[in-house]
Amino acid sequence: MNALRDVDDDAATTVMDCSALPPQSGTRMSLAHSEPPRDTIMDTKCGPSRWDRFWAFLGRKADSFLNAFREPPLSTLLPPVPPNRLPRETRVSAGTMLGDDRWEFLLIELLRAPPHYQRAAREVVKYAVGLRQLGEEAYIDGLVHLVLSRQREDADGTISIGRLRDILRDMSFSDSLMPALRRLDDEGTIDLLPANGDVDRNTPSELRAPPTRIRLWARV
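If you're matching positions, the sequence shown starts at 1 in full-length UniProt numbering and goes up one per residue.
You may find that some hints are simply not true.
What the hints assert, rightly or not - Estimated spans, in silico, between C-beta atoms of each pair: (1) Y139 / D63: 40 to 46 Å; (2) Q133 / A195: 36 to 42 Å; (3) D52 / A120: 49 to 55 Å; (4) S64 / R182: 56 to 62 Å; (5) R152 / R182: 46 to 52 Å; (6) E137 / R219: 52 to 58 Å; (7) L111 / W55: 39 to 45 Å; (8) A121 / L98: 33 to 39 Å; (9) A155 / E71: 46 to 52 Å.
Hints were generated in silico from the structure; no laboratory data involved. From the three backbone atoms N, C-alpha and C, an ideal C-beta is built for every residue, glycine too.
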């Protein structure tokens, strides 16, 4: 048994140089210069294929086509930004804004408005554009008509002319507002009423009492 153990110990400590043995095929492999197999389809060193160039060309054409239908940036459609004003220039009176500041405030408020008011603003803009195309007189009449349409009647079912003047304070009463009211009265959209009682249509307008109230028959 001791002799066999000695033989086994000797076998376990024997070192065999496998590299010295030739491969079974009869050719020697060089481990120092071996390279991993290359995937020629996914090789990044290769340039784009004909199909890659074709799809890239189609992509550029599609982008060019879509750009023709894209809306320009909003800022390019808006008026120029007004200059900054000094604090004393913006405090003329409470609730009053000067120049373009008023309309800049309106743009921001439209963005902050609830969706139903934004939809309403879109319709009002279309209405205003249509009026502009009809001329200045039609535009003033339409403006006055819209303002009246957005008022609640007093207890007697009328709207005071004084309230209308407060809303349209930047409009000349004698040159613009009153002529527009008379035109709306002539076409039957409103009735111009005196302070007391009703109006007699058979009485010439120059003989009637000065109107102070408006009865609205048809809204915008």
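May I ask which of the numbered hints given earlier this structure violates, with the numbers listed in increasing order?
Failing hints, ascending: 5, 6 and 8.
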